[in-house]
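Residue numbers (our numbering), protein chains in the order written: chain A, 1 to 431; chain B, 1001 to 1077.
Keep in mind that the hints were calculated from the coordinates and are not lab data. All values derive from a computational prediction rather than experimental measurement. Treat the hints loosely; a few may be bogus.
Just so you have them, the derived chain A footprint on chain B, three or more residues with Cβ under 8 Å [what the hints assert, rightly or not]:
hint, region
1, 1054-1065
2, 1068-1074
Derived list of chain A stretches under chain B, where covered just means 3 residues or more per stretch with a C-beta under 8 Å from a C-beta of chain B [as the list claims (entries may be wrong)]:
hint, region
3, 94-108
4, 179-190
Label-pair distances were calculated between CB atoms; the ranges are [to be verified]:
hint, chain 1, residue 1, chain 2, residue 2, range
5, A, 143, B, 1057, 30 to 38 Å
6, B, 1057, A, 305, 28 to 36 Å
7, B, 1077, A, 141, 39 to 47 Å
8, B, 1067, A, 240, 27 to 35 Å
9, A, 303, B, 1075, 25 to 33 Å
Where a beta carbon is used, it is the ideal one built from N, C-alpha and C, also for glycine.
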Amino acid sequence: MDQLTRAVSVGRLRQLQSVGILCGFGAGAWLGAAEAPTKLVTLGIPPVIVSLLMVAGVFLARWSVPALIRGTGQVGWDLRQAPHLVIWAVLAGCLWPVANTLTIFAIRDVGLSIAFPLWNINSLIGIFWGITLFNELHHAGARRWFAVLGGAALMFVGACLLAYASATQITPAHAVRGVAAALMAGVLWGTMYVPYRKAYLTGMNPLSFVAFFTIGELLTMALLAVAYSGGWEALVWQLGQSRTVLFWLLLGGFVWVIGDVFQQYAAKYVGISRGIPLSNTNQLWGLAWGIFVFGELHGRGAGLHLLVIGGSITMAAGAGAIALSSVSGQEHVRWQEAAHREGRRYSVSMDYVQSGLSGEAFVLQSKTMQPRRKLDWLIVCAATAVFVWMAAICRVPDVRANWTSALLLSALSLVFLMACGMVLWRATRFS
Amino acid sequence: MPDKSTGRSRAAIHSCKMLRSRGRLVVLSINSTGAHLPDDHAEIHQRSMLSAVLHDSHFWIPVVVLFMGLAVLHWIS
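Construct the complete structure from the given sequences, taking the supplied hints into account.
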């Protein structure tokens, strides 16, 4: 136990927590922005096509961004250290597209600003798994338990307010379907953090994990798209019909990945019980995009506005309370015990596990560091070419939107990107 | 965790027992890091890895939730 306590100093622990918290807020901004393209569903594009194209954007981003930041050689190094995590990554990847497709059905049935907070129950699910499977909040003290459980209760109240608002605005049949879809998406995404946390406790770099994750993701989404489109030929025909908006959906996937990467770092450095609620501030960003850019609540009664805004703020306050209950030294020791349990179970080098926990894997990697290879640049160029090609044939969707607000929100997201990127690089070299 | 008496990982030993039970001869000189292993040992390592994943109770939680999600998707679509 003493050896574990000494493994990460108090100062380093505080630094990593600051990094994790900032990444959580950055994730919120980018994940919220990524949901905006799903508004295209209103143009008559089938939900599974929207989801497939977002996943294609995610796939491109999840191979090109790690190649650009660290090089594929580093991904291979991680794979050799903990090969079992490939299975976990693919399994997590299978969960994501099912959840994403459900959210698109939910948006169609109950709207973005209402569906969004409902699927954010994923944080409650994440807290549950964090406590029961990974020793999170163990030996954390009564104050932290109160903050987390109180925050969870606030989030539940906020979700109920929003569900009530949805039931008063749409036909009951659609409300039940939309709410069920959003809640199940939350359960899927909350459970998806089980493989994530397992990977990060074991020491794997988030950029490596998401690269394998995306294989399961793309395969599952392709199967879903074929099944729900009525076969390959129908799918190809529908893709052809949607070619002028392909770019926006790919872009949505790309933006989502940036948020997701920050979310992974948050989960790694502050745990899933705190990292997920923090990144769920995407609810507020989604609300801002929905109201200010797409005028979602325009023309509705003041009572509904108050209900939706009040519910969202209540949920966000709950998330904030959870996030601000910092990890104590004793709790971190319990994390390390869980990490060493994983290391023993899968025969992973303890040096690898420990360096990953302390965000210093780059020290180990530097011994075998390889410069970026031609393959890395090839991946980056190929992904860029696809985006340029899609941009060339796209047109601005015929959706009523306030582009000034869109530019302002985009600029704020870029500020988060710069801040999180710099802090991650300085503290961990993207470890 | 390496076994104190043999210095081998539990997962590797478990895998060896599995192979012996099928009547195969296995040389018990396993490097748990998996580096530079002959083909037979690489196979053992791979089997032990898969076995460890399948015996990890955590693994089945996302699997069950995945099927629940597919069921809901089927219902609403």
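Practice item. Any hints from earlier that this structure breaks? Give me their numbers in increasing order, please. Key: 6
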